[in-house]
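Participant: These are the residues of each chain, in order.
2 protein chains.
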Amino acid sequence: MAQKVLIHGATGETGGDILDGLMADGSFEIAALVRPQSLQKPATKSLKSRGVKVVVSDLVNQDVEEIADLLAGYDTVISAVATTAQLDQLKLVDAAAKAGIKRFIPCGFTSVSPPGGVMTLIRTEKEKIHERIWYHHLPYTIIDSGTWYQISFPSLPSGKVDYAFMGDGNTIVADGNAPNLMVDKRDIGRLTARIIKDNRTLNKRVFLHADVLTQNEIWAIMERKSGEKIEAKHATHDELIAKMHTARAACTKSPSDPRLRFAAISAEYMVCKYVRQDNNPQNARYLGYIDTRELYPDFEPKTFSAFVDELLAGQAKKLYRDKFEFMQKKST
Amino acid sequence: MAQKVLIHGATGETGGDILDGLMADGSFEIAALVRPQSLQKPATKSLKSRGVKVVVSDLVNQDVEEIADLLAGYDTVISAVATTAQLDQLKLVDAAAKAGIKRFIPCGFTSVSPPGGVMTLIRTEKEKIHERIWYHHLPYTIIDSGTWYQISFPSLPSGKVDYAFMGDGNTIVADGNAPNLMVDKRDIGRLTARIIKDNRTLNKRVFLHADVLTQNEIWAIMERKSGEKIEAKHATHDELIAKMHTARAACTKSPSDPRLRFAAISAEYMVCKYVRQDNNPQNARYLGYIDTRELYPDFEPKTFSAFVDELLAGQAKKLYRDKFEFMQKKST
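First to last, the protein sequences are chains G and D. Here our numbering = 1-based position in the first sequence + 73. Here our numbering = 1-based position in the second sequence + 73.
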């Protein structure tokens, strides 16, 4: 019998990749949890046209019993929601426990970092969800991933990759040699399909990645493939830390401003990846994660080099296209 | 070369067992971190007479650099401190990271429960210490244990075991069949000696126990060995939960009252052990712990039965003798 999977956030940036990965796998019976107000959106209609069952639920206004009734009969619930909607999962966890869900995948899907005040905007609320899972003894898998290729390349002098560029510029941190877990975001879906069929990952933290790359290595690949010379800005560790504190303070002052929130998240990521160097395989193991490269040695992840080929051919996807226009670099 | 171990809290109830276990092992070079104001106490003098090096440090008033200088050269730091002194460990962790300590054992040594609001008085502050450890990428082992035999036996009508009794009476919860991890507290020391020599436990959570026993099994052993019939009180799950909420509220209102604090801790333990049933091997594994029974199959833990023999022979130790007189049942 096919494993029945319900995805919360299937039309989002990560949820969409997960849906694609599960559909490509072909062995799942897939449904998507959709808010009543999203029923008429093109993204929801597109789900239906792809054969995904739409389950309508309003996590904010429905009570746990009602949500549990909707969840009953599913084996697995996967949550992939916006950073601002993390706490909506509390009720979803309560309902999943009540419905006897066999595996709950909370919204992880971020780079490796420790709980407790390092990634205050990205991880702190996710930890609240983990605690609720453990409170209920609910079977789970926490999945985190390397940084996406899609947000990790520098722009080129020609402007050729600006169509897909997002980020805060071509900044090399310190000597540019901090190693970071990296992955093509589309592989998150392909690997999630493996993970939820695997008993070894039950009640575990799992990290997935394709490569471990430094900024210098990324730059070198981009220069070699494009034939362009990239002008880099430089930042020291202290400058990044100062920038993070400033960005956090601004975000705290105006928490509903998405631009300030994004700036603070970016600044925390920079410190985490390049100053603290949390996002690497050694630290992932230290924090109790198991490695999909070891679990699935036959899995061939998309390489950064192959992604750059797509990018230079104009075939990469612009992320968060509709949501955060301010995040996109305008072509000049 | 002998592993150099520094114990913080070596004169305490758990720290004393750890010191005994490490000394019995014989392979360690042991020192104890002692506050200046405790230097003249009999317990400190006793440390010296047993050949333990005393390192004087004032965690409250010294800065991290000074403490790090004292810690330099030790391989392992073990912390076992009172529930009210948990946050003193923050500075100790900072100093251990600065001194390059190879393994830090934070004050765990409590029964298995999830982080996040179940054991608010026992575990919540311990989690802050874990987060600080991970913040520093400091190598660590978190050790938790089964409930001590020493606090888990009912009193007898004859009054024979009152000399060592502590707790809130002979209450059987629900049907009395909730299984709980249990251990002789002296084995915590013997097993800690194994754990800190074992690379498999580095950067892991470990739980130790000897038996898994229900209240009914404990009662049966006590009745069989004593020849006495034990009168039990009974409590339902709902009664225990209500009692916990009342005790927590009283403790929150008067946080410095040790009697109210002890009552609230006890009430949380009761709910955790008998209602939620967190303290068992399945849940320990679910929460990511590894089992010393599997790591050390040759280790022969003291059995509950053997402990009861000691207890009935008048040879058990009265715990927290000097500290909490209100916790001891007066012989009648």
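Hints are not guaranteed to be accurate.
The list cannot tell twin chains apart, which means a pair is met if one copy fits it or any two copies do.
[Unchecked claim] Think about it this way: if two alpha-carbon atoms lie no more than 30 Å apart in a straight line, the pair counts; the simulated DSBU-like pairs of lysine-lysine are:
| hint | residue 1 | residue 2 |
| --- | --- | --- |
| 1 | K175 | K121 |
| 2 | K126 | K326 |
| 3 | K298 | K175 |
| 4 | K164 | K302 |
| 5 | K164 | K375 |
| 6 | K316 | K171 |
| 7 | K298 | K270 |
| 8 | K277 | K175 |
| 9 | K316 | K164 |
| 10 | K164 | K201 |
| 11 | K126 | K298 |
| 12 | K201 | K316 |
| 13 | K302 | K114 |
| 14 | K114 | K391 |
| 15 | K121 | K390 |
| 16 | K270 | K118 |
| 17 | K233 | K270 |
| 18 | K201 | K326 |
| 19 | K277 | K233 |
| 20 | K175 | K390 |
Don't read these hints as lab results, they were simulated from the structure.
Participant: Would you mind marking each hint as holding or not holding in the structure?
Facilitator: A quick look at each hint next to the structure:
1. K175 to K121: The answer is within: 25 Å in one copy meets 30 Å, while 55 Å across copies does not.
2. K126 to K326: neither (41 Å within a copy, 51 Å between copies)
3. K298 to K175: For K298 and K175, the Cα distance exceeds 30 Å both inside one copy (46 Å) and across copies (44 Å).
4. K164 to K302: For K164 and K302, the Cα distance exceeds 30 Å both inside one copy (51 Å) and across copies (48 Å).
5. K164 to K375: For K164 and K375, the Cα distance exceeds 30 Å both inside one copy (36 Å) and across copies (44 Å).
6. K316 to K171: between (44 Å within a copy, 25 Å between copies)
7. K298 to K270: neither (38 Å within a copy, 50 Å between copies)
8. K277 to K175: So K277 and K175 pass the 30 Å test inside a copy (14 Å) and across (25 Å) alike.
9. K316 to K164: Answer is between; shortest inter-copy Cα gap is 26 Å, intra-copy 35 Å.
10. K164 to K201: both (12 Å within a copy, 25 Å between copies)
11. K126 to K298: neither (42 Å within a copy, 63 Å between copies)
12. K201 to K316: Classified as both: same-chain Cα gap 27 Å, cross-chain 26 Å, threshold 30 Å.
13. K302 to K114: neither (43 Å within a copy, 71 Å between copies)
14. K114 to K391: For K114 and K391, only the intra-copy Cα distance (20 Å) is at most 30 Å; the inter-copy one is 69 Å.
15. K121 to K390: Intra 22 Å, inter 69 Å, cutoff 30 Å: intra-copy only.
16. K270 to K118: within (28 Å within a copy, 59 Å between copies)
17. K233 to K270: Answer is neither: 40 Å inside a copy and 57 Å across each miss the 30 Å cutoff.
18. K201 to K326: Both: 23 Å inside a chain and 26 Å across chains, each within 30 Å.
19. K277 to K233: This pair counts as neither: shortest intra-copy Cα distance 41 Å, inter-copy 47 Å.
20. K175 to K390: Answer is neither; intra-copy 34 Å and inter-copy 46 Å both fail.
Consistency with the previously given hints fails for numbers 2, 3, 4, 5, 7, 11, 13, 17, 19 and 20, ordered from lowest to highest.
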